[in-house]
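As you go down the protein sequences, you meet chains V and W in turn. Every number in this note's numbering is 29 more than the matching position in the first sequence, counting from 1. Every number in this note's numbering is 29 more than the matching position in the second sequence, counting from 1.
For the record, the hints were derived by calculation from the structure and aren't laboratory data. This one's a predicted model, so the numbers in the text were calculated from it and none came from an experiment. If a hint is listed, it holds; no wrong ones were tucked in.
Repeated chains share a single entry, so a pair holds when one copy, or any two copies, can fit it.
With a Cα cut of at most 27 Å, we get these calculated DSSO-like pairs of lysine-lysine:
| hint | residue 1 | residue 2 |
| --- | --- | --- |
| 1 | LYS401 | LYS376 |
| 2 | LYS230 | LYS390 |
| 3 | LYS227 | LYS186 |
| 4 | LYS401 | LYS374 |
2 protein chains.
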Amino acid sequence: MIPQGFTFSATNAGVKSTENKGLDLGLIFCDRPAAVAGVFTTNRIKAAPVLIGMDIVKTGRARGIITNSGNANACTGNKGIEDAKAINRAAAAGLGVGGDEIIPLSTGVIGVHMPVKRILDKLEQLRAGLGDDVGAFARSIMTTDTVPKVVSRQAGKARVLGIAKGAGMIAPDMATTLAVVMTDARVESQVLDNIIKKAIKHTFNAITIDGDTSTNDTLIALASGYVDENIDEIDQAITEVIHELALMIIRDGEGATKFVKIEVKGAGTEDDARTVAMCIANSLLVKTALFGCDPNWGRIIAAIGYSGVQIQPEQIDIMISGYHVVGSGSEAQGFNEDTLHELLKEKEISIDVSLGDGPGKFCAYTTDLSYKYVEINSEYRT
Amino acid sequence: MIPQGFTFSATNAGVKSTENKGLDLGLIFCDRPAAVAGVFTTNRIKAAPVLIGMDIVKTGRARGIITNSGNANACTGNKGIEDAKAINRAAAAGLGVGGDEIIPLSTGVIGVHMPVKRILDKLEQLRAGLGDDVGAFARSIMTTDTVPKVVSRQAGKARVLGIAKGAGMIAPDMATTLAVVMTDARVESQVLDNIIKKAIKHTFNAITIDGDTSTNDTLIALASGYVDENIDEIDQAITEVIHELALMIIRDGEGATKFVKIEVKGAGTEDDARTVAMCIANSLLVKTALFGCDPNWGRIIAAIGYSGVQIQPEQIDIMISGYHVVGSGSEAQGFNEDTLHELLKEKEISIDVSLGDGPGKFCAYTTDLSYKYVEINSEYRT
Numbered sequence: 030m031i032p033q034g035f036t037f038s039a040t041n042a043g044v045k046s047t048e049n050k051g052l053d054l055g056l057i058f059c060d061r062p063a064a065v066a067g068v069f070t071t072n073r074i075k076a077a078p079v080l081i082g083m084d085i086v087k088t089g090r091a092r093g094i095i096t097n098s099g100n101a102n103a104c105t106g107n108k109g110i111e112d113a114k115a116i117n118r119a120a121a122a123g124l125g126v127g128g129d130e131i132i133p134l135s136t137g138v139i140g141v142h143m144p145v146k147r148i149l150d151k152l153e154q155l156r157a158g159l160g161d162d163v164g165a166f167a168r169s170i171m172t173t174d175t176v177p178k179v180v181s182r183q184a185g186k187a188r189v190l191g192i193a194k195g196a197g198m199i200a201p202d203m204a205t206t207l208a209v210v211m212t213d214a215r216v217e218s219q220v221l222d223n224i225i226k227k228a229i230k231h232t233f234n235a236i237t238i239d240g241d242t243s244t245n246d247t248l249i250a251l252a253s254g255y256v257d258e259n260i261d262e263i264d265q266a267i268t269e270v271i272h273e274l275a276l277m278i279i280r281d282g283e284g285a286t287k288f289v290k291i292e293v294k295g296a297g298t299e300d301d302a303r304t305v306a307m308c309i310a311n312s313l314l315v316k317t318a319l320f321g322c323d324p325n326w327g328r329i330i331a332a333i334g335y336s337g338v339q340i341q342p343e344q345i346d347i348m349i350s351g352y353h354v355v356g357s358g359s360e361a362q363g364f365n366e367d368t369l370h371e372l373l374k375e376k377e378i379s380i381d382v383s384l385g386d387g388p389g390k391f392c393a394y395t396t397d398l399s400y401k402y403v404e405i406n407s408e409y410r411t
Numbered sequence: 030m031i032p033q034g035f036t037f038s039a040t041n042a043g044v045k046s047t048e049n050k051g052l053d054l055g056l057i058f059c060d061r062p063a064a065v066a067g068v069f070t071t072n073r074i075k076a077a078p079v080l081i082g083m084d085i086v087k088t089g090r091a092r093g094i095i096t097n098s099g100n101a102n103a104c105t106g107n108k109g110i111e112d113a114k115a116i117n118r119a120a121a122a123g124l125g126v127g128g129d130e131i132i133p134l135s136t137g138v139i140g141v142h143m144p145v146k147r148i149l150d151k152l153e154q155l156r157a158g159l160g161d162d163v164g165a166f167a168r169s170i171m172t173t174d175t176v177p178k179v180v181s182r183q184a185g186k187a188r189v190l191g192i193a194k195g196a197g198m199i200a201p202d203m204a205t206t207l208a209v210v211m212t213d214a215r216v217e218s219q220v221l222d223n224i225i226k227k228a229i230k231h232t233f234n235a236i237t238i239d240g241d242t243s244t245n246d247t248l249i250a251l252a253s254g255y256v257d258e259n260i261d262e263i264d265q266a267i268t269e270v271i272h273e274l275a276l277m278i279i280r281d282g283e284g285a286t287k288f289v290k291i292e293v294k295g296a297g298t299e300d301d302a303r304t305v306a307m308c309i310a311n312s313l314l315v316k317t318a319l320f321g322c323d324p325n326w327g328r329i330i331a332a333i334g335y336s337g338v339q340i341q342p343e344q345i346d347i348m349i350s351g352y353h354v355v356g357s358g359s360e361a362q363g364f365n366e367d368t369l370h371e372l373l374k375e376k377e378i379s380i381d382v383s384l385g386d387g388p389g390k391f392c393a394y395t396t397d398l399s400y401k402y403v404e405i406n407s408e409y410r411t
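If we strip away everything but chain V, and leave its shape as in the complex, we get:
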């Protein structure tokens, strides 16, 4: 299922820690110039690799991606830029391409300088290892992820492959954390750009684990152009791959015990529906209630109320996992707390909110908030 032209490699370079033997350095190479598009974090503090990647994407062409986990190379000043460029130049030289054709992606701790020498020492091994081991590459970009995230689709004669990482610092504002989507279809970079920008709106920008947007979020799409295929098929396959990757991130949310789909309809506009859905998705009180299977629907309606969206309280209708909980802004007739408590024990929960009869709707995805989330994120230097 690997799109034609792409090869993968991963190794350990001691970026996560000098003792850690896990994979933390990765490479994707395309044997010909690929059309490229990307979306980047809207965080105003942008990591060095994000700044460099934005420049490369503007050219519309790239040959590959070099990744590391364990160090975000963010808030590292000019030295951070120089470090990333030095790694790029060395990696590119070994591949016979230009340093400005390799996009750097980094994830990990903020504010620490890159262990440049340790990385340079492993570049030859990394290059020599290029092959079809997508799984090893996917593992090399993981941080607190518990599973690698790889999705593929056939689109007529063409193939689409997506790889992502992410489990925490997940909030929707442009692409969330690192993702790479490849296809061997012939797609102009501008068309590719349109496809991914449209796709992220209801995928990566519709998920939240903890409301924190990273300094390194990047989604890169590459098209090697070996195959001519109907663009609508490619569009659909890429969108599906991105959607599936976004849901995999939620399912792997730090400490999450539940996958929660929040569908808001009947709002004045799609933006209003999104604001309400995200307000529910980010409410600590809703998330802790879900963790405890507490049938406390008042927390959902309170979150709707403080979203800032103009609503008519008496028009609010809420279903949880298909069970009618709120009708006309008050407890639904026949509502039984124990019934809802039982439904909330399921691993997958749906919350359907109707705000009235407006045309605006939006679907967001989130997790519950557990002890484990606190444990993972309170550990001394995670």
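Fit chain W to the supplied structure of chain V, relying on the hints for placement.
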């Protein structure tokens, strides 16, 4: 320290639960018409007592306050309004005043109808108990609070007394949760209104525990007018009382192990400084790192970056508890992780952020996020 004219009472009416013997019904009475002002939740879902209280405050005069904990009387429709008015009428009749002179304040579970009969049955006992037991009244409005919150100040010849509740569902948007401030000074209701609206900006609207704004938030100020005193002294005393109550709520934050003061300066405007301070204060990653004494300052700078405020990353300077952590957007020279780790073990933490040389500054207060917060809020029907 009780302002002249005010008496207090509290009893158990089985509102929290029929088995619970704790105080859950409270009354404050003023022996003459008091000037009144109030600020109310900006949540668009407003509880029945909030809607009634807003109307009474508009008249500028009130005789007292009837409170209950255990039931928010929110999302209870017209019946909720009727229930609150029935309780008001009965309480007022026993006191020889009008039902529209008693302000109802409720806090507790959303969406459940009030146990009206149980409350009516206790009104005579409540009225008969009116006296100087401020502590009992303060305990009767507690929910997850672990300590009653009472503050008093002498302002020349006049006295100011404040009582509040709150430990969770605390986010800054008008007054947060229930608070009553009383004085025996002669203050016109419009002046009182100006004083509290100015005071809450940097007090109740500058605190956050979990980012959730309640449907019932109310702050009521009453002035019995027995004493003529300089209005500036009264203003200062009321502001100090409100400030102290706000900080008591943060110190009693659900599961909190730390009290965190976040001071942002050098922003373009005060609003920008507030947005940045609140973004840090509400970041789950910052709050869990503080709980774990993790010297991960990258999470603070990431929160500054996603606040949406126009900032120059290279101008950011951060001190934590007086220790220089970030200079010019990167790790400060000589920064030592272990030193910061030790400082973070203290119970009181200060985070000072400078964004540049703009005039905007704001000070916010928050807590860390602990296992205990998750425990308290995931319990089945808290």
